[in-house]
Amino acid sequence: MNLLAKRVLGIAAAVAVAGTLIGLYVASWATSFPKTVAAASSSTTTGVSTRLTLQTVAAVGPKYSPGNPDWVSYLVQSNGKWVHTTDFKVPANSTISITVLQYDGDSGLRNPFLSQVQGTVGKTMTVDGKTIAAIDPEEASHTFAVPELGILVPLPGVEEEAKNQCEFAPCTMSEAHRTITFTIRTGKKGRYHWQCFVPCAAGFLTGGGGPMQTLGYMDGFLDVV
Amino acid sequence: MAETNHARRFTILWVVASLIATPLVIVLLGPILPPGKGSEQAAGHVTDNTVLLGMATPVLLLVVLYLLYAVIVFRQPKGGVLEGPAVRGNQRIQTVWIVVTSLLVLALAAYGTVRLEEDGSGSGGGPSPVAVPGGKKLQVQVIAQQWEFTYRFPEYGGVEVPHLELPVNQMVELHVTSLDVIHSFWAYQLGVKADANPNIDNIVFVKPTREQTFELRCSELCGIWHGAMFDHGHVVSRAAFDAWIAEQQATYAAATKALPPYSKTYLPEPTRRAE
Amino acid sequence: MSTTTIDSHSQPAPARRPLLRRLIGFNLLSAVVLGVGGYYLGWFIGHQVSTGKSFEFISATDENDVALLLAYLFGVAGFLIGLGFANYPVSRLLGKPASLREKEDEGIGRYFGLCTDHKVVGMQYMVGIGLFFFIAGLNAMLIRTELLHSTPTTIAPNQYLSLVGMHGAMMMGVMTSAVLGPFANYFVPIMIGARRMAFPRVEALTFWLLMAAGFILVSTIFFGGFPTGWTGYEPLNDQAVMGMDSYICFFALVGLSMTLLGLNMIATIITMRAPGLTWSRLPIFVWSVLATSVLMVLAAPMLIATLAMAALDRTINTTFFVPAGGGSSYLFENLFWFFGHPEVYILALPGFGIVLELLPVFTRKPLWGYRLAVSGMLGVTLLSFFVWQHHLFVSGINADLRPFYMLSTEIISIPTGFIFLCVMGTLWKARSSFSVPMLFCLAWAFNFLIGGLSGVFLSDTPSDTDTHGSFFVMAHFHYTIMGGLIFTFFAAIYYWVPKMTGLRFNELLAKWHFWLMFVAFNSTFMPLFVLGMKGMPRRVSSYAPNLHGLNVWVSISAFVLGVSMLIFLVNAVYSMLVARLPAAANPWRSKSLEWQVPTPVPVNNFEQIPVIDSDPYDYGTPLPARGPTGGAEPAAAGV
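Protein chains in written order, with our numbering: chain G, 1 to 225; chain Y, 1 to 275; chain L, 1 to 639.
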């Protein structure tokens, strides 16, 4: 093996090391799911109750997302703190009650059909205490939908003139919001995707890009375990 | 010593193999070819695929058997440096080949055209399709959006439903359109595929011929949940369908009131950036 | 027999200048520095653009497509200036004498910069294309890893779509030059008896454009990836985040590279043939390069224009492809496939050329049906512009058009069939020896047959209804492109690298590479026909549970296919860098002109330009002297 070959082999080894490092980076990029948060289970007199508390915000803010502070997003409550993720774990064959604190203004549904509640217990939801089965499509701000389970809940938005609107996540109860609660029943195990159907991605074509197509913002997974 | 007549040998080999294989393929594979016989259109595809398979088998055998024959028989002996015969062409063989392949190809094109223009063959034919089957057709609009299909029945008060049910033995006129990006409506067992383009009404005809559950998938990349954009539809008896649609009209009365009037295409807001 | 090393070109080496002195100048280091500088300059300029209604989206979306596109363009400009591509035009503008040759005597350094020696460019292409081929191949391994599960488990959905898009775009963009880049650049001048290409500097430019483009594509992962797959359909294209701009820039640069490469080839082949080299004596490989180049020159500019329109839609809010603004999603599909279909023939034709060029050498017979083969290639070239709407059969195009495109697509199989007849004719009564290049050529015949026959199914609109957009299409094009082009790419490597380097490959590893690749390739892609017919769409990471077993089989076969590529890589590194065993001067006993020049090929190729008096297929024992039987033509046809 002459000097040239030794040198070139040395370069090849360096390239291989660099390549492996790059490969590891790419693999970590490719496999980056948002981290999973389990719904809070607590024992009550009537059995186990599982709650999932979410909030939707107009702009997630630089604290949670330095790269995309202006993107709309969901957050989930975990142990009293707001976590920026959209991967939720819920038990199978159970009743889950979900509360969404809606801090965003309305954008309007692209398909007004989706203004009627589907797939929840009683096919209704409670908005600020009132039980309703459908909303005005113009008032929709987001939806929580799990198409594979037939669940679709349109979430009405905060009025435009409301005082004390939330700017960046995490938003607090003192800021203008709507409280929406609904109950779903889970069946067998599986990993289902959920998404928002309101084109709420400001600035993107048909409002459907950016956060609407990014895990951790307006899309996620429901792990039924 | 007479030289082996390779031409005759190979021709016999090929003809015999084709005569055995082609009927076998047609008879054994034909009936089980996808997508099955769930609709007239799907059954038509099975027939077309069987014809194509019947054409392809002798061609495949010709080339593959020839390659094997040449590789086994026409070899350089080990370590040899012999040369082959310096033949640069054969006008007759070339002419026969050109003529036969041209005829085969033209015949296939003619056959495909005839089959296509019967009723569109389950493929999206655009807003004014050429081949329109006669008789009464159930109008169903397939609305594709990111990332779900919904269905609208203009003949039933414009009700929109999230899952598709169709009556058996009824010609259906599907109007496929999209609200945002390009999707594609693929009803596998019914042999139907039509792209959903925004602002375009893509018409496709299908007549399911038996009660079944069929698989619906999006077959044009439309974003993150393209792979998850699937559902199951059902073909049910006429009576069951009538009962179902009435029940859907009742269930989704509130949503139907909120819908825009039925139209061939929709261009809902938001449309441009900076909204 | 000569023992050669790569830098034996140079004169006795002059005293080497100090390292720093050597590093300053127009070379790769300066190119990278200026490229990065240009990138940040463009980025900065793009960020000053944030006022005006057209750009309101920038603050709303945190996406500055203008900045990224400008950054890429300035970066590429800086990169090319750093390499020295501006030196000649600037010298001429300033009235200074300019050199026509760059770096042709400088030792191994000339492989890392702008060199006008077409042989150096050929070697550069080989390594550069190999690099991107492996990157795209690794993407494929990741894709198949995800498809081991029927739901998104390992790889997040958006990243999966980006991987699919990167794999497709890199293969379709980079592999268009897979044969023309390394082998046509290296051998066409020698095969036609010329000392150089018509435009040597442009030739070097095409290579460096391709390298810049490849890195731009890979950089998409820093900007969110792109969700459209390699076809970049609108309006999803418009809706996508910044990573989409990487794709747009990549493909536009690839289009530019292809156009220039094609132009150069056409000019060279038409104007620089040696005396006596009439069209009927031109090697069939050169004919295939000519046909491919015509396609490149006519189709690639369409791509650049289409992508420019897409970029305008994304930046200044034009609405070419947005229905709400009066545009049409169909427009993109048509424009793209008007390029896209000739593109796939750009990928297929060089394969035809290589197989027909190599078969006479290993069968010891002249090429059978030379004129038929040429007509086949030219027929494919012409017809490839008339078939593109078969990609839109179910899109809802005017239904009156479909029978026409069904006919044209069916007809294009006729000239393709000519190539098969010529292959079969050349094998008839041959004395075949099964070297590794020959094995790859025979594998081509099988693979392209399967690919071509599945194409007949796809061209039949009723049948296409079930298979469009499914894995059946994937199997079809992998059989024609990978089974066709890549197998012949390896045939060309094993055949010609001994000439390019004077070194030989390890025979055992080469045979292992071939057999493992052939078996694993068929095992990977044959089941995809079944998957497609069973209803699995393309570009998904969720599929029906009953298809799970078959997908696992395919993924495992794909991993084995990857291993076969590793075997090749090991062989290449070992043979070329470690063992360095010299190859015989003409190991295949070829009568073609490129094997008659010494190894290493001198800088100016020939001491004296040869005068050609026959085609290079003077193999075989002439037939006994009697009247022609069955129409066999005399051995010296064409003289």
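Source of the hints: derived by calculation from the structure; they are not laboratory data. Think of the CB as a built atom: it goes at the ideal place given N, C-alpha and C, for glycine as much as any other residue. Hints are supplied without guarantee of correctness; some may be wrong.
With a Cα cut of at most 20 Å, we get these calculated DMTMM-like pairs of lysine to aspartate or glutamate [as the list claims (entries may be wrong)]:
| hint | chain 1 | residue 1 | chain 2 | residue 2 |
| --- | --- | --- | --- | --- |
| 1 | Y | K78 | L | E507 |
| 2 | L | K534 | Y | E117 |
| 3 | Y | K257 | G | D223 |
| 4 | G | K81 | G | E167 |
| 5 | L | K429 | Y | E83 |
| 6 | G | K189 | Y | D231 |
Which bits of chain Y does chain G cover? Going by a derived footprint, with three or more residues having C-beta under 8 Å, they are [unchecked claim]:
| hint | region |
| --- | --- |
| 7 | 143-149 |
| 8 | 175-182 |
**Report entry** Y:K257 paired with G:D223 [C-alpha distance capped at 20 Å]
**Finding:** The hint is violated at about 35 Å.
Query raised in the report: Within 20 Å, alpha carbon to alpha carbon, are L:K429 and Y:E83?
Result: Roughly 10 Å between the alpha carbons, so the hint for L:K429 and Y:E83 holds.
Query - Given pair status - L:E507, Y:K78, alpha carbons within 20 Å - result: Holds, because 16 Å separates the two Cα atoms, which is no more than 20 Å.
Query - G:K189 paired with Y:D231 [C-alpha distance capped at 20 Å] - result: holds, 18 Å
Query raised in the report: Under a C-beta cut-off of less than 8 Å, do 3 or more residues of the region 175-182 of chain Y approach chain G closely enough to confirm the stated coverage?
Result: That given contact holds, which follows from 3 residues of the region 175-182 of chain Y lying within Cβ reach (below 8 Å) of chain G.
Query raised in the report: With a cut-off of 8 Å between beta carbons, are at least three residues of the region 143-149 of chain Y near chain G?
Result: holds (count 5)
Report task. Please work out if G:K81 and G:E167 have their alpha carbons no farther apart than 20 Å. Result -> Holds - the C-alpha atoms of G:E167 and G:K81 are around 18 Å apart, at most 20 Å.
Query raised in the report: Holds or violated: are the alpha carbons of L:K534 and Y:E117 at most 20 Å from each other?
Result: violated, 25 Å
The structure fails to meet hints 2, 3 from the earlier list, while all remaining hints are met.
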